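Novice: Here is what each chain is made of, one letter per residue.
Protein chains: 2
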Amino acid sequence: MLSTMQDAPLSIAQLLRHGASVHGASEVVTWTESGPRRVSYADIGKRCAQLAHALRGLGVEGDERVATFMWNNSEHLEAYLAIPSMGAVLHTLNIRLFPEQLIHVANHAEDRVIIVDPSLIPLLSPQLPSLTTVKHIIVTGSSTAGLEAPEGVQVHTYEGLIADQPTEFDWPEVDELSAAAMCYTSGTTGDPKGVVYSHRSIYLHSMQVCMSDGPNLAQGDRALAVVPQFHAMSWGLPYAAFMIGASLIMPDRFLQPAPLAAIIASEKPTFAAAVPTIWQGLHLYLEQNPQDISSMREVLIGGSAVPPALMHAFEADHNVSVLHAWGMTETSPLGSVARPPAGVTGDAMWKYRYSQGRFPASVQARLIDDDGKVVAHDGVSVGELEVRGPWITGSYYGVDAEDKFNDGWLKTGDVGSITADGFLSLSDRSKDIIKSGGEWISSVDLENAVMGHPDVTEAAVIGVPDEKWDERPLVAVVLRAGSETTMSELQQYLSDKVAKWQLPENWAVVQEVPKTSVGKFDKKRLRADYHEGGLEVTRL
Amino acid sequence: MLSTMQDAPLSIAQLLRHGASVHGASEVVTWTESGPRRVSYADIGKRCAQLAHALRGLGVEGDERVATFMWNNSEHLEAYLAIPSMGAVLHTLNIRLFPEQLIHVANHAEDRVIIVDPSLIPLLSPQLPSLTTVKHIIVTGSSTAGLEAPEGVQVHTYEGLIADQPTEFDWPEVDELSAAAMCYTSGTTGDPKGVVYSHRSIYLHSMQVCMSDGPNLAQGDRALAVVPQFHAMSWGLPYAAFMIGASLIMPDRFLQPAPLAAIIASEKPTFAAAVPTIWQGLHLYLEQNPQDISSMREVLIGGSAVPPALMHAFEADHNVSVLHAWGMTETSPLGSVARPPAGVTGDAMWKYRYSQGRFPASVQARLIDDDGKVVAHDGVSVGELEVRGPWITGSYYGVDAEDKFNDGWLKTGDVGSITADGFLSLSDRSKDIIKSGGEWISSVDLENAVMGHPDVTEAAVIGVPDEKWDERPLVAVVLRAGSETTMSELQQYLSDKVAKWQLPENWAVVQEVPKTSVGKFDKKRLRADYHEGGLEVTRL
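Chains as they are written, first to last, in my numbering: chain A, 1 to 540; chain B, 1001 to 1540.
Isolated chain A (complex conformation) (with noise of 0.2 angstroms):
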C-alpha cells in the first residue's frame, strides 16, 4: 500500500530559503581585527545566490567540487549553503593537515575550485603547484595578494567575482541522497578517507541539533561556533542554525583564549562548541582575566573526553552548564549527548554527565566483542561501539575500507560499555586497547591514572608484546623539568589506584609524546619507536 504523502526532498536549499526568508533578521557575526562584523540571513541568502551564479559562470556544473580552505566565517557560511544548494558538493579542506594530506584529499576529491581566506594564503600557495584539479582560485574579501598561482589557475576575489551576479537563483530540487558536502577523516593511520554527506543526511542531522535530546539549539539563541567548519561540518551548527534562524558567532582566525573572551563580551552567545582544550584554555585565562560568561546557557564539548574537573568548574565558576557529547567525522557528527535522565540529580546525575551519553532514535548503537559477538548493554561489558543510522557513514569516498564496517554498522574503533538506559561511557580506542591474557586494560585509564603525579606532565601508554600474558602495558612518561621522580616509585603511586594485575612494568622517559596532525597523541609512532628500539625502557 502506498502513502499519500508527498514526495519531498530534504535538501540544503529548503534550509537556505527557509533561514533566508522566514528568519531574515538573524544575523552571522565573524569576528575581525576591529571587532565584529555583521551580515542578516537576509543577505546571506542574496549573497548565496550570487556565489552560485559566479560559480557557474566559472563552469562548475553538476557534481563538480568546490572547496574551502577557510576558517569559521560569512563567506564559509554563505559557501556551506550555497554549493550544495546548487547542485555542487562543497569539501571542506581541514588547514592543519600536513602538505602531503592536503595534496592527498584535495586531488582525491578532484577540487575544481577552492575558496580561500587571505590569512591562509601562506598555508595553500605553496601547495598550489601539486593540485592536479583546480582550476579557480578565490580569495574572500577583495584582495589576492599573496597569491602566486601556477599556470592554468585563475585567481579571483570573492567579493568581485560576486558584486554584479543576479541576488536569486533557481535553486534545482535534487535527489536527497545525492552528494552535499564531503569531509576527510585526519586518522592517525593512513591517508585521510573521504566520507561524503547526502542533502538528506544533513538534513536529519540538523533536525536532531535542534531538538531536546540533542542540543536543542533554538530561534533565540546566539551560537558561538569555534568548532572548525573544516572539521566534521562545525558539528552540524551552521546548517542548524538557518534551519531554525539561531543567530552564529564565527571567531574567524581569533581562537585564542583573549579574543574568544573578548567575542563573548560582544556578542553575548547563549551556546558554544569547541573540543576540551578550547575551553580549558578559556577557563585558565578567566582566572587571571574575570569576565562574567553566563550569557551561554550550555556549551558543547566534544572531540575526546572532557576531564570532569572542566564540567565542575565552569559551572561553579561561571553558571554555565557543560554538555559533553560524542561523535565523528563519520558520524555528521552528532552520535551521543549527555543529557542526564529527567529529575536525576547529586552525583547520580554528574556520573551520567560524565558519560559520553545516550544516542537519539536515529542512531542505534551496539557493543561488538573480540569473538563478533553483540554484548549486553549492562554498564559493565565492554566491546567495541559500533553504530548504524541515516547520518552515518558506510563506505568511504573511493577507497575499499571493508575492514571499517560489519554488516552495514559502521566500527567506530572505540571502546566501551553501555547502561541498560542507553549511556555510553568509552575506556579506549580499540586499537589502543592492552588485551593482557584474555582481559581488556585501557591505556586512556592508566594514562589519566599516570598523569595525577604532580612530576608528570604528559603519560601514553601502549600494548607491548609478552610471551606470557601477550601483550602488557608500557607507559612512555614526560616529567616536569628538573624532577628526580623514578619510574617505580610512579609504579609504586599507582598501586592503590589500579587493579594488581593491570600494573605496568614497562616504563620510558620520553622528551615528548609524538602528536597528530589534530594534536592527538601518535601511538602508532610510539609503537614503531618501541619497535625500532627508539624508547629506553625501564623494566620493573
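Hints are computed from structural coordinates only; laboratory data are not their basis. Here the structure is a predicted model, which means the values were calculated and not measured. Treat the hints with care, as some may be off.
Unchecked claim - In silico BS3-like cross-links for lysine-lysine, where the CA-CA straight-line distance does not exceed 30 angstroms: (1) A:373 - B:1046; (2) B:1351 - A:268; (3) A:435 - A:520; (4) A:351 - B:1268; (5) A:46 - B:1373.
What the hints assert, rightly or not - Computed far set for chain A versus chain B, every beta-carbon distance over 10 angstroms: (6) 253; (7) 291; (8) 535; (9) 538.
Just so you know, even glycine gets a beta-carbon here, dropped at the ideal spot from N, CA and C.
Use these hints to put chain B onto chain A, whose structure you have.
Specialist: Then chain B, alone, in the frame of chain A:
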C-alpha cells in the same frame, strides 16, 4: 557523486525499539474509573511484540489494515507502534463519524481486523453487519460482553489473544515510503477521504514535535494527550513520546472537565494538547473548583482558532502558557506553531501568539489569489494557503481529488495572510469567504463580531447570491431565550465594528446553527436551507 551515508530507513520499528529500551522506565498512564493504570515503555515494547505475534496468528500479512475504534489508552499506543512495525497499516477509525461514514471508511480501507474498547461496543456493534472486509474483532481487556458479531467474524479479547505470545518480535525492515497508518478526514463535504502516512512522514513529524520550533517535547515531559488518537494521530504525540522518552498520560473516555482536573491533579502533566473547547470547559470548571494546574509548562491548542481571551485566562489565572498551532489531518498534523520571535514582549508578542504561527523548515507555505498567482508575504495580502513538505499529503487514498492539489502543493482551503517573518493569520475557509464586488469578506470575522453582542449565543455567516455584488453576507443568529433584540439593532451594533461595505443586510433568526459530526458549523447545510427557502430572511 554518491554520498557514503548508510541506507538506514526511518521507521516506526526504530521508534519502538528505542523507546522500549533506552526509555524503558518512561510510562504510559491510562485513566480509569478507579484512577490511573500504568505501563512502562519497556513493558509496552513486550506487549507490542505479543500483539504483533497475535495479529500474525490471525492471518494479518503484508500491508493489510488493522483498525482501531478506541479512546486514548495504552492499548491504543500498542496498536500505534506494533501494527506499522510489523509492516501492516494502522487505521484509526473516528468514533464520532456518523454510522454511514464509519461504514464507508472501514469498507473503503478494507479493514481486516478492528480493535475496540468495551465502552465503544454499543457504537460499533450495530454497524458490524455492514462491514464487508472485517474478519476479526478484538475487544481490549478480558471480556467481549455486549459484542454481537455477524457470522464469519471472530471475536477475541485483547488480553486473551496476547497472553501466551513471545515478548520479542523480529521487526522487518520496511521501505520508509511505505504506508504506516491512515486516517480519514471528517470533511464537511462528501465522503471522508483517507490520508495515508508513511513511516518516513511519521518519523520526520515526530522529530519536529521534539524540536525547539515545534512543541519541543522532551524526555522529562509528561504529555497529557487529550486530542484523540483517532483525530490526526493525536497530533503526533504518541510517536514523539516514544522517540524522546516523554511519558504519556491518556484520559481514555474521561474527557469532561472534572475528570481532566482529577487527571492533572494526580499525574502532574508538564504538557498537554487539545482543541479549544476542552480548555474552555476546563477553565470554567476551575473557576468553580480551584486547583493548581501549573505543572503544565505549556498547552498546545489547535483544531480551530484559539480565542485570545482563553490564552490570557490560562496565563493570568493558572500560570500556564498556551501554544497556538495550525494543522490538519492532511498535514500530519503539525503545520505552523505560534512561538513568537525570541525577545519580543508585550502586545507585539501577543500578536504573534494569537496568530496561527510560523512554519518549520520542513513545511513550505504559499498564498494563492483568485487568479492563481502567488501573493506576497507582507502580512496584508490575502490568499488561499497551500503547503508542501515531506509530511503533507499529496493525494487521497483511492479517490481522485485533483482539485485539492496545485502542482504538487496541498490546497488547504484556508484563507489568510503571512508576514515577512513567516507568521500565518487565517481569516476564513476559502469556501466560506464572501466575494462581494471583487473584495473578500471574512465570514469568521463577521461571526465573531456578531457573537460579541450579549443577546447572541451563536452566529453563522454565509454568502448568498446578489445581483449587484455577486455575493453578500447573510447572518444566521441564535438569540438568547427571551431576547427581543431585533435584526436592525444587531446591524446597528456592528456599525462601528466592521467596514461599512461589509455590513450584512441579510439576517435570519434560527433555533440552532446546524453542526457537522465534529461539531463545526455546517455552512453547507445552512446554504442548502437558504436555497430551499428554509430560512426566514429579514432584508434590511
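Novice: Hint compliance check: list the failing hint numbers for this structure, sorted ascending.
Specialist: The structure conflicts with no hint, since it agrees with every one listed earlier.
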